[in-house]
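Asker: So the protein sequences, as listed, match chains W and Y. Reminder that position 47 of the first sequence reads as 47 in our numbering, one-by-one numbering, no gaps. Reminder that position 16 of the second sequence reads as 1016 in our numbering, one-by-one numbering, no gaps.
Since no wrong hints were added, every one of them can be taken at face value.
SDA-like cross-link-like pairs, simulated, lysine to any residue; straight-line CA separation at most 20 Å: (1) Y:1002 with W:130; (2) Y:1006 with Y:1039; (3) Y:1047 with W:68; (4) Y:1047 with W:70; (5) Y:1047 with Y:1003; (6) Y:1002 with W:131; (7) Y:1006 with W:131; (8) Y:1006 with W:130; (9) Y:1065 with Y:1055; (10) Y:1047 with Y:1007; (11) Y:1047 with W:74; (12) W:12 with W:66; (13) Y:1002 with W:70; (14) Y:1002 with Y:1043; (15) Y:1002 with Y:1064; (16) Y:1047 with W:69; (17) Y:1002 with W:129; (18) Y:1047 with W:73.
Source of the hints: derived by calculation from the structure; they are not laboratory data.
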Amino acid sequence: MSVSVAQRRYNKRVIVLSLIYAVALLGAVYGFKHHLLTGPIAYVAAVLPALPIIGIFAAIGLYLVEEQDEYVRMLMIRQTLWASGFALSLTTIWGFLESFDLVGHVESYYVAVLWFGGLGLGGCANRLTLGRGTAA
Amino acid sequence: MKNRLKVLRAERDWSQGDLADALQVSRQSVNAIETGRYDPSLPLAFKIAELFGLTIEQIFTSPSKDTDQ
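Just chain W, same shape as in the assembly (with noise of 0.2 Å):
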């Protein structure tokens, strides 16, 4: 199957700030661990590997904007619904066990991987209702 233009741009886009994420995240780790960071430094660096995150959310808005073939925009914008009611599902049901003391209290950032693992279950529900498209 072919990708397009706007596919191969949010790709690229992924991949580099992917990378940027995982430098950032290693660089916060190794200060906070030595107690190189304080002040207003360390809110800055507490902040940098939510920049990149953000940065891949911008992505798929930007790929939703590239996008010329609308039936592919269609299938992305599905994912980005499931991946939106998945997580924000998920983490209303954690929030009620949270707060009656029934679970530990987990990170908030976890509601992107929550979203990043909908868009794959996105992915999987337009698979099995629309089909592959390979059909001749």
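Could you slot chain Y onto chain W? The hints should help.
Answerer: For chain Y alone, kept in the frame of chain W given last:
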């Protein structure tokens, strides 16, 4: 939405890939439209009609006139 895309394509001996290239969309999109799993937007429907030199109604069956439903 039912359509005659497969027939029209076969008459011209075009593959789904050929039609996709002519419409500047993916083969996956052509397949989804052809099998009725996706209804194209009005601009894409016009593009398809213009490519075959037909009107939209000559290619796509209006859901209100589809007696099988």
